[in-house]
Amino acid sequence: MTRRAFLGMSHSPLMGLNPVPPAVESDLKTAIATAREHVLAFDPELIVLVAPDHYNGFFNELMPPFCLGTQARAVGDYLSPAGELNVDARIAEALAAHLLEEDFDIAVSRRMEVDHGFSQALQLLWGGLATPPVLPLFMNAVAQPGIPRLRRCRALGQAIGRYLDGRSERTLLIGSGGLSHEPPVPTLSHPDPAVRERITVKREPTPADREAKTQRVMAAGRALAEGSSAMKPINPAWDRRWMDLLPQGTAGLDELCASTEQSIEQEGGLSAHESKTWLVARSALRTDQAIPCTFRHYQPIPEYIAGFGLMFLEPPSPQ
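For the sequence shown, the positions run 1083 to 1401 when this note's numbering is used.
Please keep in mind that the hints were generated in silico from the structure rather than gathered at the bench.
Do not rely on the hints blindly, as some may be mistaken.
Said to hold, decoys possible - Heads up, simulated SDA-like pairs for lysine to any residue below, C-alpha to C-alpha not over 25 Å straight-line:
#1 Lys1284 with Val1267
#2 Lys1111 with Gln1381
#3 Lys1314 with Val1277
#4 Lys1314 with Thr1376
#5 Lys1314 with Leu1270
#6 Lys1314 with Met1300
#7 Lys1111 with Gln1348
#8 Lys1295 with Glu1308
#9 Lys1314 with Ala1333
#10 Lys1314 with Pro1268
#11 Lys1295 with Arg1322
#12 Lys1295 with Ala1307
#13 Lys1314 with Thr1296
#14 Lys1295 with Arg1323
#15 Lys1314 with Leu1211
#16 Lys1314 with Asp1187
#17 Lys1295 with Leu1161
#18 Lys1314 with Gln1348
#19 Lys1314 with Val1102
#20 Lys1111 with Pro1275
#21 Lys1284 with Asp1187
#22 Lys1284 with Thr1342
#23 Lys1284 with Glu1195
#24 Lys1314 with Gln1226
#25 Lys1314 with Ser1191
#26 Lys1111 with Arg1193
#27 Lys1314 with Tyr1380
#28 Lys1111 with Asp1125
#29 Lys1314 with Ala1372
#30 Lys1295 with Ala1319
#31 Lys1295 with Asn1142
#32 Lys1314 with Glu1251
#33 Lys1314 with Gly1331
#34 Lys1295 with Pro1266
#35 Lys1295 with Thr1282
#36 Lys1295 with Glu1347
#37 Lys1111 with Leu1211
#38 Lys1314 with Glu1286
#39 Lys1295 with Val1277
#40 Lys1314 with Ala1290
Just so you know, these numbers come straight off a predicted model, no measurement behind them.
Construct the entire structure; sequences and hints are all you get.
Okay, structure coming up:
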């Protein structure tokens, strides 16, 4: 088996926008710097990046559970970088063909658009979008009924792992998202038809549209931190259980995958489904045994509307 490692990493578009207590900011910066050190020491030759979208690239008019990009452009929402990701189209196409042979009817995008869910991780780890070759794998985490179930996420990760068994590159698998959080992302149950239309039909937002959205989400984060929000609060116990089980082997992953969709939303929030990106990425490593966790960090940051976690798993070499 080729050498590979896993990084689970929360994201938040409010980093750098909403102020947080100095100690919170310092702890998070230190944790991100430590994660970066682990990644750069691993020196990946290929990245598989599993991440969601927040109605910037994918909309309800056509919302696949999973989509693999052979080309991807970051839209530059909030403070995230805009531009082309360094996608290896040849490897992406080969992975798509492999997944189809494994009975995964994976969607493929030749012009994927991604937002901070993808680009922030690359920005924090490499300073921008100039990275080793990356395979961008979108996972729907906002639009039911098409949000993938836990068992399917695990199986997809295992199928990706079997593809990587035949390759020689040192591969870093990144799950970007989660953990517990419920930001003001609208759903199709919203009473305003204009809002429902906005998350159904893809259109290019104006600068004013983006600024209004940014201000709305910033205000939601401030309200959550002040305790004046009706949004579901961050759930550190749920987050820590997720992080406890993920490095484990079969028994731990079985326990994790026994969680119901209802329990995820009730305990973790509507956007806690993003945590499944971690499961996809982790499952591309061996799942029949525990994987050593060489770095772990967690802190709830309501100003960022995020239970913010980072976790680096690296099997002993050779795997």
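Evaluated hints:
| no. | hint | in the structure |
| --- | --- | --- |
| 1 | Lys1284 with Val1267 | 16 Å, holds |
| 2 | Lys1111 with Gln1381 | 12 Å, holds |
| 3 | Lys1314 with Val1277 | 21 Å, holds |
| 4 | Lys1314 with Thr1376 | 31 Å, violated |
| 5 | Lys1314 with Leu1270 | 19 Å, holds |
| 6 | Lys1314 with Met1300 | 16 Å, holds |
| 7 | Lys1111 with Gln1348 | 30 Å, violated |
| 8 | Lys1295 with Glu1308 | 20 Å, holds |
| 9 | Lys1314 with Ala1333 | 30 Å, violated |
| 10 | Lys1314 with Pro1268 | 14 Å, holds |
| 11 | Lys1295 with Arg1322 | 30 Å, violated |
| 12 | Lys1295 with Ala1307 | 19 Å, holds |
| 13 | Lys1314 with Thr1296 | 20 Å, holds |
| 14 | Lys1295 with Arg1323 | 32 Å, violated |
| 15 | Lys1314 with Leu1211 | 33 Å, violated |
| 16 | Lys1314 with Asp1187 | 34 Å, violated |
| 17 | Lys1295 with Leu1161 | 13 Å, holds |
| 18 | Lys1314 with Gln1348 | 9 Å, holds |
| 19 | Lys1314 with Val1102 | 19 Å, holds |
| 20 | Lys1111 with Pro1275 | 41 Å, violated |
| 21 | Lys1284 with Asp1187 | 23 Å, holds |
| 22 | Lys1284 with Thr1342 | 31 Å, violated |
| 23 | Lys1284 with Glu1195 | 11 Å, holds |
| 24 | Lys1314 with Gln1226 | 18 Å, holds |
| 25 | Lys1314 with Ser1191 | 34 Å, violated |
| 26 | Lys1111 with Arg1193 | 33 Å, violated |
| 27 | Lys1314 with Tyr1380 | 19 Å, holds |
| 28 | Lys1111 with Asp1125 | 21 Å, holds |
| 29 | Lys1314 with Ala1372 | 32 Å, violated |
| 30 | Lys1295 with Ala1319 | 30 Å, violated |
| 31 | Lys1295 with Asn1142 | 19 Å, holds |
| 32 | Lys1314 with Glu1251 | 41 Å, violated |
| 33 | Lys1314 with Gly1331 | 31 Å, violated |
| 34 | Lys1295 with Pro1266 | 10 Å, holds |
| 35 | Lys1295 with Thr1282 | 16 Å, holds |
| 36 | Lys1295 with Glu1347 | 23 Å, holds |
| 37 | Lys1111 with Leu1211 | 19 Å, holds |
| 38 | Lys1314 with Glu1286 | 30 Å, violated |
| 39 | Lys1295 with Val1277 | 12 Å, holds |
| 40 | Lys1314 with Ala1290 | 28 Å, violated |
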